[in-house]
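S.K.: Since chain C is already given, all that's left is putting chain U on it; use the hints.
Each chain, letter by letter, is given below.
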Amino acid sequence: MNDPYQVLNVPSTASDEEVKKAYRELARKYHPDNYHDNPLADLAQEKMKEINEAYNTIQKMRQRGSGTAQSQYGGHGPYSGYGGYGYGGSSAQGTPLQRARMAIQRNDLHLAEQLLAAISDRTAEWYFLRGAVCMRRGWLDEALRHFRQACAMDPGNPEYRQALERLENSGQAYRPAGFEVFTSDCGGGSLCGGLMCSYCLCNSCMGGTFFCR
Amino acid sequence: MFGYVRPAMDRLTEEEQGDYGALYCGLCHALGRRYGPVSRWILNYDFTFLAALLSGGLETEERRCIASPLRPKRAAAGDPALDLAADLSVILTGYKLRDEVLDASFFKAQGCRAAGAALGGAFRRACQARPRFADHTRQEMDRLLRLEQARCPTLDEPADTFASLLAGVAGEVEDPVQRRVFSQLFYHLGRWIYLVDALDDLKKDAGEGQYNPILLRYDLAGGELTPEARRDVVITLDASIRQMAAAFELWDFGRWSGVIRAAVYEGLYRVGNGVLEGTFHASPRRRQRRGKKEHI
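These protein sequence lines map, in sequence, to chains C and U.
The letter at position 193 of the first sequence is residue 193 when you use this note's numbering, and the numbering goes up by one with no holes.
The letter at position 241 of the second sequence is residue 241 when you use this note's numbering, and the numbering goes up by one with no holes.
Simulated from the structure, these hints should not be mistaken for laboratory data.
Keep in mind that this is a model prediction, so the values were computed, not measured.
Accuracy of the hints is not assured; some may be wrong.
Computed from the model, here is a short list of chain U residues facing chain C with C-beta under 10 Å [what the hints assert, rightly or not]: (1) K203; (2) D205; (3) T226; (4) A245; (5) L268.
No residue lacks a Cβ here, since even glycine has one placed at the ideal position from N, Cα and C.
Just chain C, same shape as in the assembly:
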């Protein structure tokens, strides 16, 4: 295993509070919510596991003999939270919708699409699963349409609502501290003031910096 301090990116002399802060920041970054319906969810899960292990190791080293390590974020069993749908009756013999759900979980999007295309009865769940496939393919506008349709057909379903909220509300996702600009809201800052401009990069040519400020 890697040096746990290196994994958390803190010196071994860091205080308990600093270690905890570093751990929390990383756990927020790789949290399942940021990788829901993301084809890279398994990589994020690995990261989270590594971070949890590093944090636990440091806790144990520091509290040797004095009680148990503190609780940790996420990353329990395989696929808990990372794009999994917690589908219960896990059998390949399920209904086409259940099989589509499992195909999505395995990231077999081609099969999921085939299964969904063959279903003529388009329920709220059908739209939800279609949306999940679109999310993973990066077809985000179609995903939005399908998630909205699922929510309109079954407004009380928390799973569909959460999927729609995750896509619609960009404020929930991880950002490093202090980064708060959105496409809809530039926070009042001036555009050109802060953006890299090639005439700054090549500052000796063509009167360069004239345009940068």
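M.R.: Just chain U now, with coordinates in the frame of chain C:
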């Protein structure tokens, strides 16, 4: 379609700004060395960012150039990623010019044709150097052309062509994990660029009757976004940037982490906001010329 990808300068340390400048110079030298002086004019922000994504490190040397003939400048050197970025830049520019010849008015088309001819030899050599990426780019550009001709009324389908095209860059890296991360990052970078470009051209395309997926998707006759369309376009642009950021966190971009972080957590949002509010211009060249005249 180029000129939108910029890190937020004020988020970079002075050292990072200097490094990024050296990368820009290094890419310019790589273009000149591989494809002759004419190819240097294709250099822009997006290709420098591409080089940052591909590079990881930075070794520099002091070099004079036409832009700085007396005082040698610090330029990135000896990095195979610069050659790769130079090759991809030439291929992308070559296809972009071809696309514009088909797309543009008669006089503009002549300009693009001339530019394409000037770049012709370089374009052929770049395609030979990276045949897989060149083939892939041609296929995706052809697919885009067919969708444009059919006036495809969705956002995702035409955006998927340019997104897949850029995701093809991932095919040029060896490490399997890096390839997956890059494929996702470049896909959404391409998707975002395509959609921001469509948003930027909304009024112009509405006036000229040109294909624009946003006009068709929301049935906008005059090129003005309705509040609902505006909201949905913002959602889809923000979501693509989030996907880029999520991918970015899964690979160590080494020396360029700060630059890329400043783009995927701020710079792209700012550019999108500028395009949305009509305060962004993709081509500072044109503005600069105009500005200079006014200044004089």
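S.K.: None of the hints should be skipped; say for each whether it holds.
M.R.: Outcome of the hint check:
1. K203: This interface hint is violated because 18 Å lies over the 10 Å limit.
2. D205: violated (18 Å)
3. T226: Violated. Min distance 15 Å.
4. A245: With Cβ-Cβ at 8 Å, under 10 Å, it holds.
5. L268: holds (8 Å)
The structure fails to meet hints 1, 2 and 3 from the earlier list, while all remaining hints are met.
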